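Student: Here are the chains, one letter per residue:
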Amino acid sequence: MQYPEGDVPGTPGMNTVNQRFRPPLTPWGQARLDAARPLVGPKAVPGEENSPTLRCDPDGPPKVLNHPNPFEIVQIPGRMFMFFEEQHIWRTIWADGRALPKDPDPSYLGYAVGKWEGDTFVVETIGFNDKVWADAYGDPRSEQTHLTERYRRLNHDTLELQVTIDDPKSYTKPWVSPPKLHKLESGWEIAEWFCVAEEDKSYDETVRKPAGVAPASNK
Amino acid sequence: MKEAEDKSLRPQLCLTNFPFPQILIPPQLPLFPLLRRTILRMTYATALATMLAMPILAPILSAQTNQPSGTAQTPGRAAATTPPLSHDLSGVWMQYPDGDVPGVPGMNAVSNKTRPPLTPWGQAKFDAAKPLVGPRAVPGVENNPELRCEPDGPPKLLNLPNPFEIVQIPGRVLMFFELGHIWREIWTDGRPLPKDPDPTYLGYSVGKWEGDTFVVDTIGFNDKLWDDSYGDPRSDATHLTERYRRLNHDTLELQIIIDDPKAYTKAWVSPPKLHKLEPAWEIAEWFCVLDEDKAYDEVVRKPAGLAPAANK
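Order-wise, the sequence lines are chains A and B. Using the numbering used here, read the first sequence as starting at 3 and increasing by one per residue. Using the numbering used here, read the second sequence as starting at 3 and increasing by one per residue.
Simulated from the structure, these hints should not be mistaken for lab results. Treat the hints loosely; a few may be bogus.
[What the hints assert, rightly or not] Each computed DMTMM-like pair below joins lysine to aspartate or glutamate, with the alpha-carbon atoms no more than 25 Å apart:
#1 B/Lys-226 <-> A/Asp-107
#2 B/Lys-226 <-> A/Glu-87
#3 B/Lys-197 <-> A/Glu-87
#4 B/Lys-210 <-> A/Glu-74
#5 A/Lys-171 <-> A/Asp-159
#6 A/Lys-117 <-> B/Glu-284
#7 B/Lys-210 <-> A/Glu-191
#8 A/Lys-171 <-> A/Glu-87
#9 B/Lys-210 <-> B/Glu-167
#10 A/Lys-117 <-> B/Glu-287
[Claimed, not checked] What the simulated footprint calls covered on chain A by chain B, stretch by stretch (three residues with Cβ under 8 Å from a Cβ of chain B suffice, anywhere in the stretch; the number is not a length):
#11 109-115
#12 140-147
These numbers were taken from a predicted model, which means no experiment stands behind them. Heads up, the beta-carbon is just placed ideally off N, CA and C, and yes, glycines get one too.
Just chain B, with the same shape it has in the complex (with noise of 0.2 Å):
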């Protein structure tokens, strides 16, 4: 990663050039939990393609973000005057909602209005790739990985309506996405990062504390998922910084940098992501199934599918 660009976009700065829009959950958006419960009773590919289509967010969601950046106080501004931020990122958090795409509900720890220019190979990969939902979406012939239950890793794992928990224990950080059923762990033993490990899906992850930031790297992936929902590549090469900072007991902020010479011409600098903490949520059992998603095509793909028509 270069350490130019990254020192442009880290949070100080990124707190006043990107306005959150205050969203509560429980008050303003009261569709968010009942949105969790019902897609929990969906089947997997039912309720991602719910969640990342569902347009009757999408009202709510504009309306939240249009408000005047003046007025919108970010968690994050408000806490920035009480240091020091917890070295504890214990509990369940739920990124808050901020969409990117119109129409879609995204909740992008990977935001794609940063994304630098792809390589060649980047393109081609992107090229191929037939997205559910965005600009590109088109009925159909979507191929996402998740529709073969491929299982998700990181970064793409970070987005979504996908609340994760975080156990803190000596030596590992772990962390537990109802998405999928999936689990990673962090070594904060102090080792370093393998030398040339075999590529998986979650990669191979080591953190530490830089003052009041835990940083997460991670290499070791294979190139068989994407980055983010709208097709964009993760390639062998990708070195994935996660920089998690606990603004206050409720919040956390996360941001992502994707360093991937492979696929993109410099590092994708996403700007930082908050996220609540759930005190009372429990990550509950929420595996894809390829047998369930039967019901798929007529519950989710066609209606889905619909949206994006100006495409076609």
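Only chain A is shown next, with the shape it has when bound in the complex (with noise of 0.2 Å):
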């Protein structure tokens, strides 16, 4: 489980992806922006929020590395399996020296591979659609992203993982963040929390109108 760390106010933050070293928009990733209606953060307004995340649209990475959202990591030979609680999701790093995919089909999760280069495991991703943000605030992922995420064991309770995304159609430089760290969490057991947009109703009430309150002074 993620350490906190609020980068907006308001805002329980626990963001791999760090709003702070975000690189300048291309115009394209500007536009993307710009239409974008995040729920928290500055350029949330009530009402008009359109997060994909409203309509339970599966969250992929990095955007599922953020939040206050435990996973769990299995290896096997050859294979390490992400589980999110966070839309019960789970995606499969290769690991048996496979190269990454040529012209992979344009996904939610991407094509993963992964690699131990010292202490450090890396995990190489591309293959992502455009149809996800690439965190809460409306930053976007084009197809072009390639993410990079370095995740080290400090010590037995200690997970530090760093998130780069290089998304020219998106951002004039590689966005890079620094890295965050994670708690073992030996008691818990990922529950099932799937998004279902029938059971959102009671979403208004619950968090849409008291999340909105916040950014008000941006009305």
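Join the two chains into one complex using the hints; note that each chain is given alone, in its own frame.
Tutor: In structure tokens:
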């Protein structure tokens, strides 16, 4: 479970992708950001939110690595699995020496391969679609994204993760976030937490309005 | 579950009473891998309905099922003489097709033909269900939970042309389904079923080996899904039992028993179904996404709805 660290006032931000290090956007990226109506952060406007999460679009990396969202890692020969509580997402990271595919079909999770470099497990992912955001604030994720995750277990209870987003279609240079720390939660089990559009009728009452109240100064 | 009913349909008897067609996917049904690859490029509901309603497979399947049972050699029967069976279920498995309903390429781990009578509660749920396929399908009024992209759960998840991968790790068996990109975990660390679990789509599962059979017990379901594609209900009183046996290297047998006293008057015991190991397959990403299903009406619902016109 990621250690909390708020970037944005009023938001409990647990951001493996750190907004403060975001490089300037390309024109394409800027248009995408302008079209995004996030639920949280300085751009949030109550009643106009269009976060893909509101339609229960599956979350993918790197956004699925943000938030108060515990994940479990399981290693088997040739593969690493990651299980995220949020939306019950699972992803496969191939660790059998295979290369990244040449022209993968765009997908929510992308195609991921990983290998050890010394003490660091380095995951490279390509083949993303551009339907979800890179973070909760509407920063875009284009099909050209090459995502790098560097995992290091600093001690028994502490996992460090550093995320680098290389997306030349959206950003003018690679977006390098500082490492974030995660705590081993040995007593936890990943629960079932699906995003079900039907069940989100109570969403307006419980989340949208309270969240929308915070950035009222933007109105 | 009642012990007597249970025994009456246990595997030995089933293997003789339910002759399986010998269908080897690559040579005899070359359409199938192609269909799978094609459906992967469709949206979720489009593909689902296409698989369920695709009439092109029906003649092939009925030709296969019409084979005299004396000439049909099931992989299970061939393998029954070579014990011990493997306790390793790892791999990607794909169910052999076997149609229950005419015109539908049914791949049903839950067999409609063995369904017990419904309770009044079950009948009301069933009457309210408007399935996409089967004799009760009525075009334009379908209300399958998957049309709203609700996550599929067992036992329905075990039906359909839906490959799954099994991974065994210490204390757990993991199952990964292509349909809906669902994963579930089955605890094998000896823990008992929980006393009063919160209702969920997937339920809470524990498993253990009984001889050559891996037995999975699941409770804690919600009642938002159906047991199958035909609208048969799944209540929160469901106790699901799955019995997995690896008959030989390439063949996995699965028998499903639904004990749901709220919906059915007795336990629903389906005959075992066979699954083929697909060593070259990898589970692809196939999410149900509401956004992408706008083309559904044009592409699938209307054509699919034409099939059961006799019901109108």
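Student: Determine for every hint whether it applies to the structure shown.
Tutor: Each hint tested on the structure:
Of the supplied pair hints, the one linking B/Lys-226 and A/Asp-107 is violated, its CA atoms being roughly 33 Å apart against a limit of 25 Å. The suggested pairing of B/Lys-226 with A/Glu-87 holds, with an alpha-carbon distance near 20 Å, which does not exceed 25 Å. Between B/Lys-197 and A/Glu-87 the alpha-carbon distance is near 23 Å, which keeps this suggested pair within the 25 Å criterion. Of the supplied pair hints, the one linking B/Lys-210 and A/Glu-74 holds, its CA atoms being roughly 23 Å apart against a limit of 25 Å.
Between A/Lys-171 and A/Asp-159, the direct Cα distance comes to roughly 37 Å. Violation of the 25 Å bound is thereby established for this hinted pair. The hinted pair formed by A/Lys-117 and B/Glu-284 meets the criterion: a straight-line CA distance of about 20 Å does not exceed 25 Å. Among the hinted pairs, B/Lys-210 with A/Glu-191 is consistent with the structure: their alpha-carbon atoms are about 20 Å apart, no more than 25 Å. Straight-line distance between C-alpha atoms of A/Lys-171 and A/Glu-87 comes to about 30 Å, which puts the hinted pair past the 25 Å bound.
Between the alpha carbons of B/Lys-210 and B/Glu-167 the distance comes to roughly 18 Å, so the proposed pair stays at or under 25 Å and holds. Taking the CA atoms of A/Lys-117 and B/Glu-287, the gap is near 22 Å; set against the 25 Å cutoff, the hint holds. With 3 residues bearing a CB less than 8 Å from a CB of chain B, the stretch 109-115 of chain A meets the requirement of three and the coverage assertion stands. Look at the stretch 140-147 of chain A against chain B: 0 of its residues bring a Cβ nearer than 8 Å to a Cβ of that chain, fewer than three, so the hint is violated.
Violated hints for the displayed structure, listed by number in ascending order: 1, 5, 8 and 12.
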